[in-house]
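Chains as they are written, first to last, in this note's numbering: chain A, 1 to 319; chain B, 1001 to 1511.
Simulated from the structure, these hints should not be mistaken for lab results. Since we're looking at a predicted model, the values are computed, not measured. The reader is advised that the hints may include incorrect statements.
With the Cβ distance kept under 7 Å, some of the chain A side facing chain B (calculated, not the full set) [to be verified]: (1) GLY32; (2) LEU38; (3) LEU39.
Covered stretches of chain B, going by a simulated chain A footprint (3 or more residues, C-beta under 8 Å) [said to hold, decoys possible]: (4) 1189-1203; (5) 1387-1398; (6) 1414-1428.
Just so it is clear, CB atoms sit at the ideal spot from N, CA and C, and this is done for glycine as well.
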Amino acid sequence: MIRYVAIRSLTAIFLVWVVVTLVFMLLHLVPGDPAELLLSQGSIAADPAAVAALRERMGLNDPIWQQYLDHLGGVVTGDFGASFRDGAPVAEQIATRLPRTLEIIIAAAVIAAAAGIPVGTYAAIRAGGRVDGFVNFLASAAMSTPVFVVGSVVILLFAQQLRILPAGGYVPFSVDPVQHLKLLLMPAGTVALALWAVIVRMSRGAVLEVLQRDYVRTARAKGLGRGPILRRHVVRTALIPVLTVLGLEMGTLIGGTVLVEYVFNWPGLSGYLVAAVDARDYPEVVGIVMTISVIFVFLNLAVDLVNALLDPRISLVRR
Amino acid sequence: MTGTLNRRGFLASTGAAAGALTFLGPKGLKAQEGQTLRYALSTYPPSFDAWASTGSAAGAIKLMIHRGLLSYGPDGALRGELAENWEVDDEGAWVFTLREGAFWHDGSPVTSADVAWTVTEAQKPDSAALFQAQLALITSVETPDERTVRMVTDRPLATLPGWFAHYHMPILKDGEAQDSLIGAGPFTFDSTERGVSIRLGAFGDYYKEGLPKLGGIEAIVYADENLRVTALEAGDVDLIEYVPWQAMQQIEDNSSLKLDAVDGPFMYLTFNGSRPPFDNPLVRRAVAHAINRDDIAAAAFYGRGGSLAHLPIADASEFYQEDLSQGWAYDPEQAQALLAEAGYPDGFDCVMLSTAQYGMHQSTAEVCQAYLSMVGINVQLDLPEWATRVQKGNDGQYDLAVMGTTADNNDPDGLATVLDGSLPPSFVRSYGMETPEISDLFARARATFDLEERIALYRQLEEIALETTPMTGLAWRSQGYAMKSGIEGFTNLPGQLTFYSPITLEDVMAG
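Using the sequences and the hints given, assemble the complete structure.
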């Protein structure tokens, strides 16, 4: 187990390095000059002398390998540098923004799992029935509707028509907890909808498959009640693939809540990344991508470990 | 206070207030002083650098915190701010007399030393100031006393006061950092949540008696234009900038909201003059005559704008020339004749640069593409994201390109940035397109103080521009602010000055 964790961790670190290097190279390959962009806001011609002075200040005139080593050195020591635009420390900004994105994702995952696993299980028990068909239809619809459509409709309904929720924005929990939760509701609900569909489908399929296993038939044959069979033997086993998918989906969401954050004006990490790429703010982009890749890689590791705990038959060591 | 107001609380309190108002009478509904205005910004300022060109949203924040020597009033006329008087002395130097009673937010008085320091710092080559190159023409700044600043220039400069009225050229206190938030403006910086909001309070020692009328401003970023409108409609904010064109009608139709829009910014085409076919003025003029501009206003701006078939000089300007206003009018036959004369009777293939990041740029390009194909010019669109588009524009990697901007102010000198090919390459003007006569006329008009003489020079300049077509105007676009109908005192400044409008926030009262 320890050996496995060590190997996986080393692989993870290697993967993160690959990602950071790739992002650094790609950023410098695509056209767009951070100094020029900063000084030409509002489509105003920037003075070449001013751009040159700013490039020098940003360290963009150093040889590319030196910029890379500086970046890497910073990343290793946890110092992501400062924003090209206003000098704000990147690590501090990530520390502020990441929890907001995680908040949406976790809230969405909780809503989706709480509503998705029971519905999926029920649909599996009634496989082929009318309820099953209806659930399948709902899940397909939820999965195929883009988040920006769901988001816009939700805003139209709850903010503009019913006027029971604010149109979007962010208030820190410490400032106004009630308003904070109100503002969280729509973005989290929007993300949860697609996630719910995935979970319903996964849990329905997994439960259906487990229901046909021999040991379930045996349990039934020895007279065990339906409830205990479902709880102890079916759902527990069926949860493994569901949790795996949920974990992976959550990892993807860390960099993928861009549209939701944009539509609901939620100042999270994804929106921060898009703004940073737009402005070619290299330290910010590298810092954010690094953070996301670290989380993603280690989330995968965590999913593997949780699976092993749920089902001891999953061997961690390659035979 | 307003930040914690929620929808239900709002409904309950307005219900109670409505009951109370029945007894108070209509007087109680009027706009009041001392309120906090919730202002929806289109983007968070990329930096607070006072002198760098950091966009109009940053400009709005600067206009709340800082003040320059001059500014523009609601009618668009130049007016004094920190300076109460400005004139040219017998030796041709500009002399500014500062007003008494102006203070920095830390309580110290604004003096001529602050102005001199500002000019000296901003004219340094590494200042990254928008006006660095212009300020470099000031050879010395003298401060004979605490209230007098004398700027000596190496040549006569009629346009110098305009620089000091720009929102990217405020005066900073001697020794402050370039991104200092200590200003002499009507609002003091209180706090900010980076990327989210900025809170400002009223400055009690502001030099204008009785202003600001607001108790403070909470500037909240709503990057999505549709959400910005929704937030206004839902009552989450009081005033929004950059109203999307598609929403203007619905705001006008809403009795609890009002729209203030002016035609200011404009769309135009730039050319790559460093290679065929657009190094030929006949071909450029053919393009100018080939496009029906009414369709651009309709397609890109939902009819909120107008055709622009001459240089971007508004018809309200004293420099406007009625007889030249249709100089590039839609005339496909003339376009074809010009193409034939240039040696392209069957047209040619070319690449038009625009961007997919902004709908108006893409729609404008698509309309141009359609009309150019009718005269035989086969246009392939290149629509990268904005940063790449800027780079390609600077490097001349295009044949012709769609651009949109505003001039620095309503003086035609503000168009030099678009027209003067002797300036360094930039995506806002044509690439490799020097027109010495135009550069010369700009320089002469800049050195001329007599209005009639300047009008004559700019007329000559426009005639040459229509003939040589170093760029071609396409459409004016409407620039709007929308607010609750109870907001009083906010004015959208005319023409190119629209982005200066937040200066009127000092007069605003919230209902």
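### Query
Going by Cβ atoms only, is LEU39(A) closer than 7 Å to chain B?
holds, 6 Å
### Message
Closer than 8 Å Cβ to Cβ for three or more residues is the test here. Does the segment 1414-1428 of chain B pass it with chain A?
### Response
holds (count 6)
#### Entry: Hint validity - LEU38(A) Cβ closer than 7 Å to any chain B Cβ
Because about 6 Å separates LEU38(A) from the closest Cβ in chain B, which is inside the 7 Å limit, the hint holds.
### Query
Do three or more residues from the segment 1387-1398 of chain B put their C-beta atoms closer than 8 Å to C-beta atoms of chain A?
holds (count 6)
### Query
With a Cβ-Cβ cutoff of 8 Å, does the segment 1189-1203 of chain B contain at least three residues near chain A?
holds (count 4)
### Query
Taking 7 Å as the limit, does the beta-carbon of GLY32(A) come near enough to a beta-carbon in chain B?
Where the cut-off is 7 Å and the nearest Cβ of chain B is about 3 Å from GLY32(A), the hint holds.
In summary, this structure violates none of the numbered hints.
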